[in-house]
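Asker: In order, the protein sequence lines correspond to chains A and B.
Count along the first sequence from 1, add 14, and you get the number used in this note's numbering.
Count along the second sequence from 1, add 14, and you get the number used in this note's numbering.
Derived from the structure by calculation, the hints contain no laboratory data.
Don't take every hint at face value.
Since copy identity is lost for identical chains, a pair holds within one copy or between any two.
Listed next, the in silico DSSO-like pairs over lysine-lysine satisfying Cα-Cα at most 30 Å (straight line) [unchecked claim]:
no. : residue 1 : residue 2
1   : 67        : 139
2   : 35        : 139
3   : 104       : 139
Here is what each chain is made of, one letter per residue.
2 protein chains.
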Amino acid sequence: MGHQGSNYQAGRWTVDATSPKAFLGAELGLTGSELSLGFLARGTGNTFVHSHKRNEEVYIVVSGCGLMHVDGEEFALEAGSVVRVAGPGKRALKATDDADLVYYCVQADANSLKQATADDGVLEKHPTSWLPA
Amino acid sequence: MGHQGSNYQAGRWTVDATSPKAFLGAELGLTGSELSLGFLARGTGNTFVHSHKRNEEVYIVVSGCGLMHVDGEEFALEAGSVVRVAGPGKRALKATDDADLVYYCVQADANSLKQATADDGVLEKHPTSWLPA
Chain A
15 MGHQGSNYQA GRWTVDATSP KAFLGAELGL TGSELSLGFL ARGTGNTFVH
65 SHKRNEEVYI VVSGCGLMHV DGEEFALEAG SVVRVAGPGK RALKATDDAD
115 LVYYCVQADA NSLKQATADD GVLEKHPTSW LPA
Chain B
15 MGHQGSNYQA GRWTVDATSP KAFLGAELGL TGSELSLGFL ARGTGNTFVH
65 SHKRNEEVYI VVSGCGLMHV DGEEFALEAG SVVRVAGPGK RALKATDDAD
115 LVYYCVQADA NSLKQATADD GVLEKHPTSW LPA
């Protein structure tokens, strides 16, 4: 599925009521994070609460509306909502009654990031179809 | 902005032509990854190509259509496209002429993930508004 080269791997995944969860880490060859795509049908929620031993999670809502539970507190989710949950956080999600909820979840080892963006990026003199060499 | 507790931080961010990039790591208190939200107006692309010293990146397209360049190869992006790019990959994105492109980018230290999902998750006996204690 998709495209790949020595430095990249690409694809497109969708989730629905029949196939509500897709783990993309193995599909993409990820080594620094795990990424999953999740679907909760309107009016339904995760059937369990969980925490993590090592990993920090980031939930990214793509579409729909929902409710996020962490450690006894609950708040609304909508498209564009982003939530960091530390390992010990007791978490679960639910879709509201009027819309299915679709979201990505990133798992990464807590405190593993050494540097990012300007400190880690390198400008390359390299042509593309829209940039000169 | 948003909600926070001892184990979580939440918010909602949007990008547009006026404010085309939002780095969320500091906003969310991320320690295992950096997350950014990017916007490319229709017909425009990144004005530079870049690679990374340490970090693996994952691009997640939320809306619009575009073109992804890695190491001299180009392929189409659409909502739902997900692309892993290893550190050395020379990368840049462009929006097609007919739709603005909105995407998340996750940066994480390559090879830093120790375990995930079933190996890292812990089931918790904990009540929510939709689950019994």
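Asker: Look at each hint and say if it fits the structure.
Answerer: Hints versus structure:
| no. | hint | result |
| --- | --- | --- |
| 1 | 67 / 139 | between (42 Å within a copy, 16 Å between copies) |
| 2 | 35 / 139 | between (40 Å within a copy, 22 Å between copies) |
| 3 | 104 / 139 | between (46 Å within a copy, 9 Å between copies) |
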